[in-house]
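Colleague: Sequence:
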Amino acid sequence: MFSKITLTLFLVFFSLLPYTIKAQSFQRLTHTSGTQTLAGVDITVVPKDGACVYNGCNTGPYYIGCSGISNGYLYKFQSAVIPAVNVTNVRVHLTNVNSGEFITFYVNGRFFPITQADLSLYNGTCILPVSDAIGGKVGAYQSNSAAIVDIASPDPIDSVYVVHDNGKFSGTHYTFEFKSDPRVSLVLPLADTILCLGDTIQVPFFTTTAFNGDNAFNAELSDINGSFDNPTVVGTTYSATTSSVMAVIPPSTPRGNKYRIRLTSSSPARITEDNGTDLGIYPFPTVNASNNGPVCIGDRMVLTATADEGSKFLWQGPSGYTSTEAGPSISPMTAEFAGVYTVKADLFGCVSKDTTKVAIKPTPDVSAVTNNGPLCEGRELVISAKTSYANAILTWDGPNVQKQDGKEIKIPSSKASDKGTYKVYSTLNGCKSETLETFANVKPLPAVPYVASNSPIRVGDEVKLTGGSTTEGVSFTWTGPDSFIAYMADTSAGVAYKRDSNNYTLTATLDSCSTSNSLFIDVIAEQLQLLYPNPTDGEMTVKLNLEKNESKKIAMSIIDHTGKVVQHEEGEAKYGAMIKTVKVREGLMPGVYILRMATGKKTTDIKFFYRP
Numbered sequence: 024m025f026s027k028i029t030l031t032l033f034l035v036f037f038s039l040l041p042y043t044i045k046a047q048s049f050q051r052l053t054h055t056s057g058t059q060t061l062a063g064v065d066i067t068v069v070p071k072d073g074a075c076v077y078n079g080c081n082t083g084p085y086y087i088g089c090s091g092i093s094n095g096y097l098y099k100f101q102s103a104v105i106p107a108v109n110v111t112n113v114r115v116h117l118t119n120v121n122s123g124e125f126i127t128f129y130v131n132g133r134f135f136p137i138t139q140a141d142l143s144l145y146n147g148t149c150i151l152p153v154s155d156a157i158g159g160k161v162g163a164y165q166s167n168s169a170a171i172v173d174i175a176s177p178d179p180i181d182s183v184y185v186v187h188d189n190g191k192f193s194g195t196h197y198t199f200e201f202k203s204d205p206r207v208s209l210v211l212p213l214a215d216t217i218l219c220l221g222d223t224i225q226v227p228f229f230t231t232t233a234f235n236g237d238n239a240f241n242a243e244l245s246d247i248n249g250s251f252d253n254p255t256v257v258g259t260t261y262s263a264t265t266s267s268v269m270a271v272i273p274p275s276t277p278r279g280n281k282y283r284i285r286l287t288s289s290s291p292a293r294i295t296e297d298n299g300t301d302l303g304i305y306p307f308p309t310v311n312a313s314n315n316g317p318v319c320i321g322d323r324m325v326l327t328a329t330a331d332e333g334s335k336f337l338w339q340g341p342s343g344y345t346s347t348e349a350g351p352s353i354s355p356m357t358a359e360f361a362g363v364y365t366v367k368a369d370l371f372g373c374v375s376k377d378t379t380k381v382a383i384k385p386t387p388d389v390s391a392v393t394n395n396g397p398l399c400e401g402r403e404l405v406i407s408a409k410t411s412y413a414n415a416i417l418t419w420d421g422p423n424v425q426k427q428d429g430k431e432i433k434i435p436s437s438k439a440s441d442k443g444t445y446k447v448y449s450t451l452n453g454c455k456s457e458t459l460e461t462f463a464n465v466k467p468l469p470a471v472p473y474v475a476s477n478s479p480i481r482v483g484d485e486v487k488l489t490g491g492s493t494t495e496g497v498s499f500t501w502t503g504p505d506s507f508i509a510y511m512a513d514t515s516a517g518v519a520y521k522r523d524s525n526n527y528t529l530t531a532t533l534d535s536c537s538t539s540n541s542l543f544i545d546v547i548a549e550q551l552q553l554l555y556p557n558p559t560d561g562e563m564t565v566k567l568n569l570e571k572n573e574s575k576k577i578a579m580s581i582i583d584h585t586g587k588v589v590q591h592e593e594g595e596a597k598y599g600a601m602i603k604t605v606k607v608r609e610g611l612m613p614g615v616y617i618l619r620m621a622t623g624k625k626t627t628d629i630k631f632f633y634r635p
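Just so we're aligned: 436 in the numbering used here is position 413 of the sequence shown, and the numbers increase by one with no gaps anywhere.
Heads up, a few of these hints could be off.
[Stated by the list, open to error] Lysine-lysine pairs mimicking DSSO-like chemistry, simulated, CA-CA at most 27 Å apart: (1) K625 <-> K603; (2) K455 <-> K426; (3) K603 <-> K575.
[Claimed, not checked] Pair by pair, the computed Cβ-Cβ distance ranges are: (4) H584 <-> M511: 17 to 27 Å; (5) I508 <-> P556: 30 to 40 Å; (6) G123 <-> K71: 16 to 26 Å.
Derived from the structure by calculation, the hints contain no laboratory data. Cβ coordinates follow ideal geometry from the N, Cα and C atoms, glycine included.
Starting from the given sequences, assemble the full structure and let the hints guide the process.
Modeller: So this is what it looks like as structure tokens:
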């Protein structure tokens with residue numbers, strides 16, 4: 024007599040589709056190849072190596088080990104619905120397992136060891152006694168045994184392979200069943216994604232099968248970041264099947280826009296995925312209304328509303344005034360817009376309101392704004408204005424004036440930096456007039472000219488004056504003794520006389536503004552000796568004034584650092600003065616030399632540096 028085995032598998036799943044599934048029930052398979060759908064699960068049956076079909080003794084239609092060979096059936100499970108259904112339990116009814124036959128089970132492609140605790144006798148079997156668990160497989164220590172094999176997995180079961188190891192005694196036939204746990208899932212999307220503190224929201228859900236009668240479904244709210252590490256229960260309903268939970272947002276919930284909601288069950292314990300969309304939960308905004316009044320007629324009236332970040336505003340006021348800005352304004356302000364203004368702050372549907380009263384006042388005037396420019400630096404700058412209101416205060420702003428009060432501004436010694444626009448306005452009881460302005464032109468002084476001369480000089484020499492300025496575009500005027508005047512920066516003041524030994528002044532003028540500088544010409548009768556340029560590159564001018572107004576020959580020599588005379592020259596003094604150009608002969612080495620000049624018994628030495 025050949026052996027037969029019966030197997031039953033139950034897959035746990037949850038689904039929105041209308042499958043009728045009873046809590047904790049097994050589903051029996053009847054097809055021996057191909058794919059069929061049962062209780063929301065697609066089951067694909069694949070016969071392996073010539074597995075057969077047979078029904079008998081309340082088992083079948085699966086027959087393995089037939090034809091005396093090793094073969095079996097592979098069962099694959101895939102959810103037919105969303106969210107996915109998971110298979111966690113399998114039940115197999117085996118019959119006619121003889122000594123020497125072995126039935127092996129593979130779950131998810133891995134060997135699944137069977138223990139004796141997994142085996143029991145089922146009603147309606149043709150065979151006794153119960154089969155034996157031998158080495159993790161189902162076998163028998165004596166012929167003609169039968170058993171129910173229960174397989175439970177902590178992980179979802181994707182496949183089960185039932186194989187007859189050796190094909191002895193004509194094989195075994197069996198029944199195959201699976202089982203599913205009850206599952207719960209949210210019905211999405213939720214009706215609201217923006218909520219106020221204290222709001223209620225329906226959280227609908229569906230179940231794949233019936234839960235236990237004492238089951239409670241809890242709606243849980245995440246923390247502000249969407250985490251359920253420490254959730255808050257916001258609603259509860261007692262139900263075994265599809266229903267909904269009325270959730271209430273706690274008044275203490277922090278403001279945020281990343282909240283999520285999920286469901287949990289108590290019997291059995293299940294947790295759904297969250298709602299999949301961020302929820303915004305907001306308090307009723309704290310709104311404050313204010314204005315910049317009292318304001319002057321003709322001035323700008325500004326309303327200001329502050330509220331929680333993200334709030335939208337609606338202002339309503341006198342003469343049908345409305346605005347949706349947080350800080351709207353009315354300009355120019357008139358009497359018809361004085362009165363009470365109301366603002367509503369809407370934070371994602373959460374609305375609060377506040378009021379503010381606007382008052383108006385008259386505006387002072389300002390007129391006759393003027394100044395005493397144009398003027399040059401150093402003179403007093405005076406700027407003034409008038410107002411019709413005795414108690415009004417005039418306030419000035421300008422280049423070097425900030426918020427200075429008074430009917431006039433005086434700058435005793437003005438500077439070029441004081442040039443510019445001066446603005447003035449009047450205030451009275453907090454009301455401000457229009458702003459008027461005047462331009463004050465303070466002209467800059469040219470830079471003080473630089474001066475030089477050929478002083479000291481001997482009586483009879485030419486007085487040479489030189490000068491200039493770092494300021495472009497200036498004009499020059501020299502003045503001096505005996506009504507001397509000239510209009511060039513570099514000029515001659517004629518022959519020097521002893522009585523001319525006094526001051527010469529150079530004046531620089533730009534746009535009618537002037538500066539000046541003076542020098543003193545020293546006219547001497549004593550002996551004077553000059554050599555220039557020094558250092559020299561080989562050609563130099565030598566000047567010698569004698570003590571007496573006489574003419575004579577002057578012997579000249581150049582002496583090196585060893586005291587050796589390296590060059591002779593001769594000069595001639597006329598009327599007590601000598602001017603001579605001396606050229607250093609070629610071939611002399613660079614260095615320090617002495618030019619010696621002899622006038623009778625008296626000699627004069629001038630040291631110079633030769634640098635060809």
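Colleague: Hint by hint, which ones does this structure get wrong, listed from lowest number up?
Modeller: 4
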